[in-house]
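With the sequences and hints as input, model every part of the structure.
Residue numbering for the sequence shown follows our numbering, starting at 2 and increasing by one per position.
Please note that a few of the clues may not be correct.
Cβ pair distances, simulated, as ranges [unchecked claim]:
id	residue 1	residue 2	range
1	Ser33	Leu76	35 to 45 Å
2	Leu32	Gly73	30 to 40 Å
3	Lys22	Gln66	43 to 53 Å
Source of the hints: derived by calculation from the structure; they are not laboratory data.
Beta carbons are placed, not taken as given, at the ideal position from N, Cα and C, and that holds for glycine.
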Amino acid sequence: MIYNCQQDMTSWVNSKNTPGKFTGSTGVSVLSARQLSGDYDVWAKKDEFKNTAPVSGGMGMHLLQKMDWKPGEGLEREKN
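In structure tokens form, the structure reads like this:
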């Protein structure tokens with residue numbers, strides 16, 4: 002009985018499979034053209050990070066320190 006149910010479900014799934022066609026949903030709410038064309042951008046401004054305080058704690062700092070990073074170093078491979 003379970004074998005027959007499994008076979009029925011497998012055949013149903015295979016009948017719904019269309020290569021190259023996405024049949025699900027991502028749940029993303031896409032912004033409208035009106036929302037995208039505002040008077041100002043909501044992204045970071047050019048000078049925004051020049052006036053912020055250096056990171057002094059938190060999970061990101063902990064992870065960087067585990068990788069032998071020290072304050073003042075760059076994040077590149079050469080650390081400059």
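Now the hints, each set against the structure:
no.: 1; hint: Ser33 / Leu76: 35 to 45 Å; in the structure: 36 Å, holds
no.: 2; hint: Leu32 / Gly73: 30 to 40 Å; in the structure: 39 Å, holds
no.: 3; hint: Lys22 / Gln66: 43 to 53 Å; in the structure: 47 Å, holds
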